[in-house]
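J.: With the hints as constraints, model all of the structure from the sequences given.
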Amino acid sequence: MKIKITTKELKSDFAEEVKKRSGIDVKKCYQCGKCTAGCPVAYEMDYMPNQIIRFVQIGARREALTSRTIWLCASCITCTTRCPKEVKIAELMDVLREMSLEEGLANPLEKNITTFHEAFLNSVKKHGRISEIGMIQEYKMKRPKTAMQDLLVGPQMLSKGKLSFLPHNIKGKNAIKKIFEKCK
Amino acid sequence: MQIEEKTKIGYYPGCAITMGSSSEEYGTSVLRVAEEIGPELEEIHDWNCCGASSAHATNHKLSTALSIRNISLAEQSGYKEILAPCPMCSQRLIVSQNDVEEDEELKKDVEDAIEMPCNGGVKIINYLELIKNYCMDEIAEKKKKTPKDLKIASYYGCLLLRPPKVLKFDDPENPTSMEEIVEATGATSVDWELKTNCCGGGFTLSRTDVVLKLTNDILECAADAGADAIAVACPMCHANLDMRQKKIGKEYNRKFDIPIVYISELIGLALDLGPISLGLNKHFIDTESVVNAFA
Amino acid sequence: MSKKIGVFVCHCGTNISATVDVEKVAEEAKKNNPGVSYTTTYKYMCSDPGQKLLRDKIKEEGLDGVVVAACSPKMHEHTFRNAAIKTGLNPYHVEISNLREQCSWVHPDKPTGTEKSIDLVRMMTEKTRKDKSLNPIKVPVTKRALVIGGGIAGIQAALDIADGGQEVIMVEREASIGGHMAQLSETFPTLDCSQCIMTPKMVEAAQHENITMHTWSEIESVDGYIGNFDVKIRKKARSVDLDLCTGCSSCWQVCPCKKIKSEFDMGMGNRTAIYIPFPQAIPSKPVIDRENCILFKDARKKNIKPNDSKVCRKCIDACPIAPVKAIDYNQVDEIVEEKVGAIIVATGYKELDDTSLYGEYGGGKYKDVITGLQFERLASASGPTEGAIKRPSDGKEPEIVVFIQCVGSRDPAKGCSYCSKTCCMYTAKHTMLFKHKVHHGHAFVFYIDIRCAGKGYEEFSQRAIEEEGATYLRGRVSRIYKKGEKLVVLGADTLTGSVVEIEADMVVLASAMKAQDDATKIAQAVYIQYDKDKFLSEIHPKLKPVESSSAGIFLAGTCQGPKDIPETVAQAGAAASKVLALLSADELEREPVVAKVDRSPPPVFSTCIGCFYCQKVCPYSAIESEDIKARDGSVIKTVARVNEGLCQGCGLCAATCRSKSVELAGFNDEQIYAEINALEFN
Numbered sequence: 001m002k003i004k005i006t007t008k009e010l011k012s013d014f015a016e017e018v019k020k021r022s023g024i025d026v027k028k029c030y031q032c033g034k035c036t037a038g039c040p041v042a043y044e045m046d047y048m049p050n051q052i053i054r055f056v057q058i059g060a061r062r063e064a065l066t067s068r069t070i071w072l073c074a075s076c077i078t079c080t081t082r083c084p085k086e087v088k089i090a091e092l093m094d095v096l097r098e099m100s101l102e103e104g105l106a107n108p109l110e111k112n113i114t115t116f117h118e119a120f121l122n123s124v125k126k127h128g129r130i131s132e133i134g135m136i137q138e139y140k141m142k143r144p145k146t147a148m149q150d151l152l153v154g155p156q157m158l159s160k161g162k163l164s165f166l167p168h169n170i171k172g173k174n175a176i177k178k179i180f181e182k183c184k
Numbered sequence: 001m002q003i004e005e006k007t008k009i010g011y012y013p014g015c016a017i018t019m020g021s022s023s024e025e026y027g028t029s030v031l032r033v034a035e036e037i038g039p040e041l042e043e044i045h046d047w048n049c050c051g052a053s054s055a056h057a058t059n060h061k062l063s064t065a066l067s068i069r070n071i072s073l074a075e076q077s078g079y080k081e082i083l084a085p086c087p088m089c090s091q092r093l094i095v096s097q098n099d100v101e102e103d104e105e106l107k108k109d110v111e112d113a114i115e116m117p118c119n120g121g122v123k124i125i126n127y128l129e130l131i132k133n134y135c136m137d138e139i140a141e142k143k144k145k146t147p148k149d150l151k152i153a154s155y156y157g158c159l160l161l162r163p164p165k166v167l168k169f170d171d172p173e174n175p176t177s178m179e180e181i182v183e184a185t186g187a188t189s190v191d192w193e194l195k196t197n198c199c200g201g202g203f204t205l206s207r208t209d210v211v212l213k214l215t216n217d218i219l220e221c222a223a224d225a226g227a228d229a230i231a232v233a234c235p236m237c238h239a240n241l242d243m244r245q246k247k248i249g250k251e252y253n254r255k256f257d258i259p260i261v262y263i264s265e266l267i268g269l270a271l272d273l274g275p276i277s278l279g280l281n282k283h284f285i286d287t288e289s290v291v292n293a294f295a
Numbered sequence: 001m002s003k004k005i006g007v008f009v010c011h012c013g014t015n016i017s018a019t020v021d022v023e024k025v026a027e028e029a030k031k032n033n034p035g036v037s038y039t040t041t042y043k044y045m046c047s048d049p050g051q052k053l054l055r056d057k058i059k060e061e062g063l064d065g066v067v068v069a070a071c072s073p074k075m076h077e078h079t080f081r082n083a084a085i086k087t088g089l090n091p092y093h094v095e096i097s098n099l100r101e102q103c104s105w106v107h108p109d110k111p112t113g114t115e116k117s118i119d120l121v122r123m124m125t126e127k128t129r130k131d132k133s134l135n136p137i138k139v140p141v142t143k144r145a146l147v148i149g150g151g152i153a154g155i156q157a158a159l160d161i162a163d164g165g166q167e168v169i170m171v172e173r174e175a176s177i178g179g180h181m182a183q184l185s186e187t188f189p190t191l192d193c194s195q196c197i198m199t200p201k202m203v204e205a206a207q208h209e210n211i212t213m214h215t216w217s218e219i220e221s222v223d224g225y226i227g228n229f230d231v232k233i234r235k236k237a238r239s240v241d242l243d244l245c246t247g248c249s250s251c252w253q254v255c256p257c258k259k260i261k262s263e264f265d266m267g268m269g270n271r272t273a274i275y276i277p278f279p280q281a282i283p284s285k286p287v288i289d290r291e292n293c294i295l296f297k298d299a300r301k302k303n304i305k306p307n308d309s310k311v312c313r314k315c316i317d318a319c320p321i322a323p324v325k326a327i328d329y330n331q332v333d334e335i336v337e338e339k340v341g342a343i344i345v346a347t348g349y350k351e352l353d354d355t356s357l358y359g360e361y362g363g364g365k366y367k368d369v370i371t372g373l374q375f376e377r378l379a380s381a382s383g384p385t386e387g388a389i390k391r392p393s394d395g396k397e398p399e400i401v402v403f404i405q406c407v408g409s410r411d412p413a414k415g416c417s418y419c420s421k422t423c424c425m426y427t428a429k430h431t432m433l434f435k436h437k438v439h440h441g442h443a444f445v446f447y448i449d450i451r452c453a454g455k456g457y458e459e460f461s462q463r464a465i466e467e468e469g470a471t472y473l474r475g476r477v478s479r480i481y482k483k484g485e486k487l488v489v490l491g492a493d494t495l496t497g498s499v500v501e502i503e504a505d506m507v508v509l510a511s512a513m514k515a516q517d518d519a520t521k522i523a524q525a526v527y528i529q530y531d532k533d534k535f536l537s538e539i540h541p542k543l544k545p546v547e548s549s550s551a552g553i554f555l556a557g558t559c560q561g562p563k564d565i566p567e568t569v570a571q572a573g574a575a576a577s578k579v580l581a582l583l584s585a586d587e588l589e590r591e592p593v594v595a596k597v598d599r600s601p602p603p604v605f606s607t608c609i610g611c612f613y614c615q616k617v618c619p620y621s622a623i624e625s626e627d628i629k630a631r632d633g634s635v636i637k638t639v640a641r642v643n644e645g646l647c648q649g650c651g652l653c654a655a656t657c658r659s660k661s662v663e664l665a666g667f668n669d670e671q672i673y674a675e676i677n678a679l680e681f682n
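Sequences listed follow chains P, X and R, in order. Quick note, the first sequence lines up with residues 1 to 184 if you use the UniProt record's numbering. Quick note, the second sequence lines up with residues 1 to 295 if you use the UniProt record's numbering. Quick note, the third sequence lines up with residues 1 to 682 if you use the UniProt record's numbering.
Incorrect hints may appear among the rest.
[Said to hold, decoys possible] Straight-line C-alpha distance at most 30 Å; calculated DSBU-like pairs for lysine-lysine:
# : chain 1 : residue 1 : chain 2 : residue 2
1 : P       : K184      : X       : K107
2 : X       : K107      : P       : K177
3 : X       : K250      : P       : K140
4 : R       : K534      : X       : K165
5 : X       : K247      : R       : K483
6 : P       : K178      : X       : K213
7 : X       : K213      : P       : K145
Derived from the structure by calculation, the hints contain no laboratory data. As the structure is a computational prediction, the values presented were derived from the model and not from experiment.
T.: This is the structure:
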């Protein structure tokens, strides 16, 4: 891998932008790697959590925002809890995901995850609460390869009365739609 | 507007544990136990989904607004405390409350989006806090059954404890509140190592493989420590450990048969409430051994 | 009588002249100021020719007041005042106007800089007009030093002072001198046995005719000032008479309380209730641990005198000394008073022992997770395993040992941001000691940075890797948990970008060096400052590294901050040389810039109203009370008095006094108002 740092990259000051959006100062990180050491999903990541912070520190915007790591972070917050320098690493992942989506850089290999988030939020937007069946349907339609997964779990859940076909619409449905509009 | 203060606790079930949802037995048992030993819970009118990980992972402002709307609704109804038994919800609500407290600009944006003020002052508590603050004496008083030789591994997962600086609940590395409750029911706590590990949470559909690996580690550790069952207080943890347990067994070539019970169900059994009224029939892994231990 | 004042404006190369028109400043100083009879400018006033110029002009022009407009008085006030002395002018008629630090360095443009300089010089000229001659204060010196702490720092300092011919009183709170160095197995970077190089020094200190040693003793109080300290030492009841006892060991061999965790062995081994901390202890005479001795427990329970308890008298019965036994159960604490002229504080450090701080490493619940000092005791021939590396839980020889660096160091989240400085080296040493004893073993080290600056240090740590086969992994450990008999260590190697999981048999934490728990207590007792981490503060980090904030009190060793043995020994030597310099004179000369409380003729006696607000604000405890008495001895009034030995001339008392009865010599009200008015009227 080669990270190219040009005046353009420097001018954009990625770290400063992250700080402005989230209050997280990546300069505090001294790269001890404790976040990586305790990360339960690190084994699946393309870059270790400390490397993602490093990308932000040195202004490697594209590398950070196109990584699979930011999507694989399970938000368990072990890293933030144990960070000796009190860098909010899990919260940093949130900001990077947000920026990645805004800039259309989300890694296609983790499309399952982004699609899940989309389906989840669509359901909330529509009903005010989650309609589990509706959400799963949308997800499976958009990710047909997952359609055959959990074929047995669904019916079992239905038989136990744990899935309801009828979505629950809250009275303030419109208020929720407005929230989505205003928080675009 | 004069708001009448309520002594009842505002109940915010969240989507996963309401009737007809994947983890309804958690809600059922929480309400059933409260009916028996208090405190009085009252559902917050017209609550909405907190947005869970999908919102905070992709849109911080949206995540905060969705959560704060519920707090503001509770505030307007005069509740001083909100119980959110699902840690995903309680953590989102507390973190959002903290975020708007720390960020004036965010607070303005959120109030604008939800078209309600958000003044703070409402305390959000998780289910373990509710029991520890209100019910320990009642459990001791009204306990009818003591299980015979039932060894329980208390599993906290992530969001009851982290981030500790904001949640300020128990020791993040070696919590003990669930064990205290388990022991109050008469069961024995086993000392085990992975009680604060992550189960993979929201990846259950999108990255099932990750969930299977993490839950396998957890189940293996609990089994090796000699646990008869694992107690949880989180619908995500429950879903991953219970619903996925058979699949884990296949994937990792080790057969597990460990009932995963909600802490509320355990309390209910000690109070001699009917297993079905607690939703113990809704689990994927048969809970009979646990129910029988209380016989 | 009006003074003849000379003003000397310094260019300071271009430091001042680049932003200040020095010629104009000199010119303006003369204008409308009849008192100023001579002005000049010079490139470097502090140079030899510059000083000569000053001396010559004082004589030629008959100056009796001088303003040098140059750098900060902290830099060269001394230089110019000394120059004045050579001409016979009282040095307190020489004032410095600071045109550099307070003017040229902080203002960007010449007009502003020049204008301000003119003002500053005029202010100082007006003050100079009011200056009075002052004479240095002379104080006698007690030619004896106190060394607090009997570790390597205290021992070295005491030996150096004693060898210099002065008396030393040494106070150690433990039963033996030796400190942490006596606990170490081998020392880096030469791997020589710590006790082998330490014990000769201990013996030398014990036998030195100029050293008086008080072990099992603590400082009760320190009063007085440089050259004249009054020290009270609490000799804690040892329950053993040091003069009678021969250290024959009969008593501790029969003591039935055998399961008390040995502090010297860091809890890795046991000791008895009557014990000597380690075989080479000095004095080699025991002490009774009254907390744990069953006789004392019984006496406390029954509320009787210890000697009346009959629960156990094995040690006294075994004592062969006759007719009076060397053991005395009823012994009580004794206060010894000593007068000294100088003090060295060498109270050392403690290893991080708050296990709850690292819940992720088990928070103290895993027996096989040990600290650096515990490993030292394991590896030491005098330790509980006689040097064999055995893990505490089951006594098995560990095959895989993981060493974790920076535990409690460089960890602001745990309230400790500094680097403990010694751990990189001692961890490298530990890996070697381990490999030397367990040949088939594997040592893994998790580190953030390897900091081995020092003579032979880098080579030493490389040797651990290249020749002794330690595997270094770059990353902090996130978690340790138990799996069967193994400890799973969850770390990272950021160089390969991976998580590293090691199933270890034992884990050694390179625990931080922390200030002693009661460091602030000792600091307060001797009136010296300490930093945010409670290490005692030197007065200047570069130029006065062993001087504390109180005159006559010096620092040595790790009480001032983490450091290794060579550095500690060097610092102890430095502190000792400061003490020897101080004790070499019969009298000390002090700056006469001290406060004075008004004394008036009767019937007023003093304008002081005795409110003692000054006493409350004085940071140096220099305000005493004095009874003004009539001839018949009756007290007329009680007023404040300044102890000139203690006063540091800070002026807080003068500013606080409600009746304007306190005056600070050299900075009295008249002088200060003259300065202010000089600014006001222009």
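J.: Could you tell me which of the numbered hints above are not met by this structure, giving the numbers in increasing order?
T.: Per hint list: single violation, 6.
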